[in-house]
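If you read the sequences in order, they're chains A and B.
Position 10 of the first sequence, counting from 1, maps to 1410 under my numbering, and the rest follow consecutively.
Position 84 of the second sequence, counting from 1, maps to 91 under my numbering, and the rest follow consecutively.
None of these hints come from the bench; they were simulated from the model.
Treat the numbers as computed from the prediction; the structure is a model and nothing was measured.
Don't be surprised by glycine CBs; every beta carbon is placed ideally from N, CA and C.
Among these hints, one or two may not hold up.
Across the chosen pairs, the derived CB separations fall in these ranges [stated by the list, open to error]:
hint	chain 1	residue 1	chain 2	residue 2	range
1	A	N1495	B	S73	47 to 53 Å
2	A	S1428	B	K108	16 to 22 Å
3	A	S1428	B	K51	18 to 24 Å
4	B	P68	A	S1407	25 to 31 Å
5	A	G1460	B	Q57	46 to 52 Å
6	B	E92	A	N1467	33 to 39 Å
7	A	N1420	B	T83	38 to 44 Å
Below, in silico cross-link-like pairs of lysine to any residue (SDA-like), each with a Cα-Cα straight-line distance of 20 Å or less [claimed, not checked]:
hint	chain 1	residue 1	chain 2	residue 2
8	A	K1445	B	V121
9	A	K1442	B	L46
10	B	K108	A	K1442
11	B	K108	A	L1447
12	B	K51	A	E1439
13	B	K22	B	N109
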Amino acid sequence: ILNVEQSPQSLHVQEGDSTNFTCSFPSSNFYALHWYRWETAKSPKALFVMTLNGDEKKKGRISATLNTKEGYSYLYIKGSQPEDSATYLCAFKNNAGNMLTFGGGTRLMVKP
Amino acid sequence: EAGVAQSPRYKIIEKRQSVAFWCNPISGHATLYWYQQILGQGPKLLIQFQNNGVVDDSQLPKDRFSAERLKGVDSTLKIQPAKLEDSAVYLCASSLVPQAKNIQYFGAGTRLSVL
C-alpha cells in the first residue's frame, strides 16, 4: 500500500492571503503526480498532471512544484478568493500497477 | 462537452439492503473508474475498466461489491448486502486512455448512507 500524505488537513485563510500545502509520496519509482480541486457538491476537477522532477505548473493564481527525488509536491494559491474554497487532492502513481493513490486532501476555507 | 453522469446523487438504505449506482462516462473514453471516498480520507480505487474488461479490481470487496460495464460504455456498481462501513461517496471517473499521465474526469458522485 502506497502512502500519500497531505498537510495540513484543513486551512482557514482570509481573502487575499497566499497559501500553500504539501503532498508527500514515495520517492522511488515515480511515474506521475496529479492535483485535483473538489468543491462541495460538485465533481473533482483536474488542476495539474506533473511527470518530471522540477516541473512547475501554473493556472491563473494557482501553481504547483514537484520534487520526485525527495517525494513532495507543493500547491500554491496566490491572493486566495472565497471561490478557492474547496478540498485539494493529490494523487500519485508509481511505475508498478495501474492505479492512482490519493492523499486525504487539504480542505481550504477562504473567508471574505 | 458533456461530463461524467452519475445517479442517484443521494441514497439512504438500511444495512443488509442492496443498492446500485449508475455511471455514464464521457463519450469516447475507454477507461472507467469507480472510487470509494470515506469521510476524511482520499478516494480509493475500487475497480478500473478498459472498454468492457476489468484492468484492476484488487481493492474491490468481491464478497459484496460487483461492477459491470457490459457494452464498454455505461457502468453499474452494486453493493449486496450493504454494511454500515459502506457509507461513503462513490465517484465514477473516466479517461481517454488508461495511462496515469492523462487526467481523469469525475462525476459528482453518489453519497450513500447506510443506517
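- request: Run the structure past the numbered hints and jot down the numbers of the failing ones, going up.
  value: 1, 5, 8, 10, 13
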